[in-house]
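A.B. asks: Next come the chains, spelled out residue by residue.
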Amino acid sequence: MSELINNYQSGYSLGQSFYTNDDIYQKEIENIFLKHWIFVGHASQIPEHGDFFLFEFDQESIIITRTKTGEINALLNVCRHRGSHICLEKKGNTKSLICPYHAWSYNLDGKLLAARNMNDDFDKSANGLHRVHLELIGGLIFISLAEKPLSLKSMQADLKDTFDLFGFDKMKLIKQNTYHIRANWKLAVENYQECYHCTPSHREYSEIHAAALPPAKRNQHLEAYLKTKTNAVRTRSCDCYFDLANEGEEGYQYSREPLLPGMKSGTAGGIAASRLLGNITDYDGAASDLMIGPLSFFLIYDDHMVGYRFMPLSIANCVCDLFWFVHEAAEEGKDYDLKELTWLWDLTTQADEEIVANNQKGVNSHFYRPGKLSEMEGFHQHFLNWYLKVLKP
Amino acid sequence: MSELINNYQSGYSLGQSFYTNDDIYQKEIENIFLKHWIFVGHASQIPEHGDFFLFEFDQESIIITRTKTGEINALLNVCRHRGSHICLEKKGNTKSLICPYHAWSYNLDGKLLAARNMNDDFDKSANGLHRVHLELIGGLIFISLAEKPLSLKSMQADLKDTFDLFGFDKMKLIKQNTYHIRANWKLAVENYQECYHCTPSHREYSEIHAAALPPAKRNQHLEAYLKTKTNAVRTRSCDCYFDLANEGEEGYQYSREPLLPGMKSGTAGGIAASRLLGNITDYDGAASDLMIGPLSFFLIYDDHMVGYRFMPLSIANCVCDLFWFVHEAAEEGKDYDLKELTWLWDLTTQADEEIVANNQKGVNSHFYRPGKLSEMEGFHQHFLNWYLKVLKP
Amino acid sequence: MSELINNYQSGYSLGQSFYTNDDIYQKEIENIFLKHWIFVGHASQIPEHGDFFLFEFDQESIIITRTKTGEINALLNVCRHRGSHICLEKKGNTKSLICPYHAWSYNLDGKLLAARNMNDDFDKSANGLHRVHLELIGGLIFISLAEKPLSLKSMQADLKDTFDLFGFDKMKLIKQNTYHIRANWKLAVENYQECYHCTPSHREYSEIHAAALPPAKRNQHLEAYLKTKTNAVRTRSCDCYFDLANEGEEGYQYSREPLLPGMKSGTAGGIAASRLLGNITDYDGAASDLMIGPLSFFLIYDDHMVGYRFMPLSIANCVCDLFWFVHEAAEEGKDYDLKELTWLWDLTTQADEEIVANNQKGVNSHFYRPGKLSEMEGFHQHFLNWYLKVLKP
Chain A
34 MSELINNYQS GYSLGQSFYT NDDIYQKEIE NIFLKHWIFV GHASQIPEHG
84 DFFLFEFDQE SIIITRTKTG EINALLNVCR HRGSHICLEK KGNTKSLICP
134 YHAWSYNLDG KLLAARNMND DFDKSANGLH RVHLELIGGL IFISLAEKPL
184 SLKSMQADLK DTFDLFGFDK MKLIKQNTYH IRANWKLAVE NYQECYHCTP
234 SHREYSEIHA AALPPAKRNQ HLEAYLKTKT NAVRTRSCDC YFDLANEGEE
284 GYQYSREPLL PGMKSGTAGG IAASRLLGNI TDYDGAASDL MIGPLSFFLI
334 YDDHMVGYRF MPLSIANCVC DLFWFVHEAA EEGKDYDLKE LTWLWDLTTQ
384 ADEEIVANNQ KGVNSHFYRP GKLSEMEGFH QHFLNWYLKV LKP
Chain B
34 MSELINNYQS GYSLGQSFYT NDDIYQKEIE NIFLKHWIFV GHASQIPEHG
84 DFFLFEFDQE SIIITRTKTG EINALLNVCR HRGSHICLEK KGNTKSLICP
134 YHAWSYNLDG KLLAARNMND DFDKSANGLH RVHLELIGGL IFISLAEKPL
184 SLKSMQADLK DTFDLFGFDK MKLIKQNTYH IRANWKLAVE NYQECYHCTP
234 SHREYSEIHA AALPPAKRNQ HLEAYLKTKT NAVRTRSCDC YFDLANEGEE
284 GYQYSREPLL PGMKSGTAGG IAASRLLGNI TDYDGAASDL MIGPLSFFLI
334 YDDHMVGYRF MPLSIANCVC DLFWFVHEAA EEGKDYDLKE LTWLWDLTTQ
384 ADEEIVANNQ KGVNSHFYRP GKLSEMEGFH QHFLNWYLKV LKP
Chain C
34 MSELINNYQS GYSLGQSFYT NDDIYQKEIE NIFLKHWIFV GHASQIPEHG
84 DFFLFEFDQE SIIITRTKTG EINALLNVCR HRGSHICLEK KGNTKSLICP
134 YHAWSYNLDG KLLAARNMND DFDKSANGLH RVHLELIGGL IFISLAEKPL
184 SLKSMQADLK DTFDLFGFDK MKLIKQNTYH IRANWKLAVE NYQECYHCTP
234 SHREYSEIHA AALPPAKRNQ HLEAYLKTKT NAVRTRSCDC YFDLANEGEE
284 GYQYSREPLL PGMKSGTAGG IAASRLLGNI TDYDGAASDL MIGPLSFFLI
334 YDDHMVGYRF MPLSIANCVC DLFWFVHEAA EEGKDYDLKE LTWLWDLTTQ
384 ADEEIVANNQ KGVNSHFYRP GKLSEMEGFH QHFLNWYLKV LKP
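Chains as they are written, first to last, in the working numbering: chain A, 34 to 426; chain B, 34 to 426; chain C, 34 to 426.
There are no misleading hints in this set.
Keeping only pairs whose Cα atoms sit at most 27 Å apart, straight-line, the calculated DSSO-like set for lysine-lysine is:
id, chain 1, residue 1, chain 2, residue 2
1, C, Lys144, A, Lys405
2, B, Lys144, C, Lys405
3, C, Lys405, B, Lys128
Hints are computed from structural coordinates only; laboratory data are not their basis. Nothing here was measured: the structure is a model prediction, and the numbers come from that model.
Here chain A stands alone, though its shape is the one from the complex (with noise of 0.2 Å):
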């Protein structure tokens, strides 16, 4: 693995191994899934004390629920007496957690209560199930599987006020939709770093979006934005993702990207979708591109905010889960319409489903050869940096 990692040419995309050699995905899982921070849903989702869902993916299941306290826990899904999955059902509401197969009890926050029949020496306390880290971001619920996991202090300090102005705990998550991609997952989050296929692949996108210009009109665009639009918290520019994030932290990235003339809103014909978010007060004609962790990446118009995940299936499946999101007051029917609130990015996502499943293809072929990349795609050398970074033994 130092060899193929070794032999990677700045500049062009990665070898075929990376893409289908079993023992880098395992590499992979441990290296990176179980250790980044992965966002996985919102706090509107359990309001309530016995509220919980599930999130999983590869070969985990882990449990998110709200305690008496109010508190949020990620515990896994997996029972101390013989491993059995205990919560069965997707999400809903639980006095405890019981196991189906002999009934093991424990508390929302993971305590055993009771477990029959055990002999004298069995110490309950050392049986919890085990807890998964979790930290809210605004109302946003990110975990780490890592034992110590990556730090996101800084993150935290450096983005409040934009959290703030955006609401991000003043929001309601409206509807989620999990896309299956027929291509190992670097594939599809590489995809989402570049707009260098915008225009041939995303009509739609491209009408609304300045980001799918070539760079020099696209660099008019937003220099013309930023010397009219001057709300400092708005406006700012975070550089600390994938290989540039500082030592121990979280790799985190937020800038604010100009749409075409005229466009108030990631809709058909660019206009307005909801009510505006958090303290927003008016439309500026931007949306602020977001990412907290290598896998989880937020578009904030300013009246939704659209969220995107990647998770591997396996080595040749991924899934791309999409979160539409809403001021917590919006009403469906009155303040927005759910069919063209949802309509640009599900459109977007499909058509990306079938190009990584053919890029999957091509790079599966015995004479695919790392290629040069564009100048369109500076952002995703910075993700192939990164990757082949934490690839390391």
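Fit chains B and C to the supplied structure of chain A, relying on the hints for placement.
C.D. replies: Below, chains B and C alone, put in the same frame as chain A:
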């Protein structure tokens, strides 16, 4: 593998690798499924000359035939020419076994009868079908694929009176059902070894059988039963199972277990299910557990018998076959109702299908660790001890 | 692998590993499927400038195109940017090949025409599509993925008259059918090499072709045929196939085989199927076997030709493609009936699908051992000799 085996801690469940590592699975095929005795059916299934049925598992297919002299044979369903399967029907009647590919034909005891256009130096007598060891236990057919199988002599001598009492050779098979379990075969066998899960998972069973009670209560029932019943052949107990088997012999076990008060048989409400078996003259409110070899189990009620057999399909999938037997003279509609008679164990095995699949899901987690067994999992512990012993290089 | 190869005993079938070991399969891909010449179609399928079709197997996809100058090209369907498949349709007509991902566009001979937003140091001339060797044999299109392919010169010189006689470049493809076989590709090819199985498995074929007869009888028919027919181009015999091929050359074979008395063509009752091919002026009651390379076979009746091609999908699955050709001037409904003309080999190949899958099942058994071949499996033996030779490291 030695390290994995040595790391096992008694009183705990097995580590993950035993359920997920394909090398271990191949070792199991060699040391367990190609060695130990396996129940394949009952002589009553092939009463006439030329009758046959197939027994299939993993990559193997075995033809069980009845010859002209009435003998029962087990033959590999693999042509000695280029290896084609010969019998394609699951059961039937035939004069000889003719390979559909090149028409080599074999006698019902496997002798090669004819092979067209072979050179003169071809030795027909050296090209019969591979014969598999077969033993009749009462009318029950067992096979072993070992070159030199474990001895069944002590077992046959020890349990002869019991087989006679229940009339094993005067039964008939009235139904066989296959249950596909999305789990490693061991999780299915372990599930069958313990009644710790009966109360939470099998309400219907628990309302009929005393074995679902906690140990102290169950022992009260057992002692009361043994005090009033004195048929030594019926109430005996043999503990030569799993790691308790004698060197060079196949393991076996027999014991009589009380039903709950008022229950006669394994039916809804515990009512009688069919004619009394063999030489049985009265219901005694109990049922016998019989195990022959590590994969075949029988639950003998006074009026019918249920057989279970566990076989792997792959490391992550197995099948449980259930067999229902009644007295050979019993008539459907008059002596028994098929639906009533099969109700309890069909229902219970369907529940186990789900339970065991959910166990596998949790065992697959990177965070699964072996857990402490309860005092109701002693039989299960013997299975684990035996398993680790036979796996040793 | 060397040990496995050296252990092979001539006159017997291959050992199990050759059909089940994935390392061997990878070696086969390299040494056979990425080296040898493969039949992919006929020039008549792409008559116009811009016409193309795809040839796909294992992980490879190859575009066969007709350029403005009328030349036929074979190009890897893998974009030189990040590896996406370019052509997604199985066939069609296009001015240029435009990758749907980032819109890199290529000429029909593979030259890179345009790539947006690349840095100045990007060399377009070094980023054309990977070209695959292609050779026209009559109008039959063959490709080789080897860097330096085996020579076809002797074959082309040797068989030119024969190709002319049957008018290979004046045919048209009227039907292609794909048969999925649940077996290793070698079992399918071996099946095609021997007529030992014809009598038991292919009644319809055996009622038309003398090749199904035992050797002595078949030779009588052959001698009688050769005595009365004297067209040297039609009745010749070339044996440069498999292990008999000359060093550095691709193997090939041609021979003329009699039909049974009264039969004119490969149809029900042996009746005429279509217009006579090429310069053929009469039915001579025979058909020719032609083999070019190890995977492509042709059966040439006087009035139509059937092509076969065997390609792997994975170690345990393969496809057989059948191609039916008639004289380019033949008209459906008037000169031929498609159903009548395709009847025999569609039926026969469907039967082979089952036969070969049942062969694989038995070969998978732990108890399968190589078996002795018959005297009717000599051609098959040449395949085995060649196979073991090309597999050698």
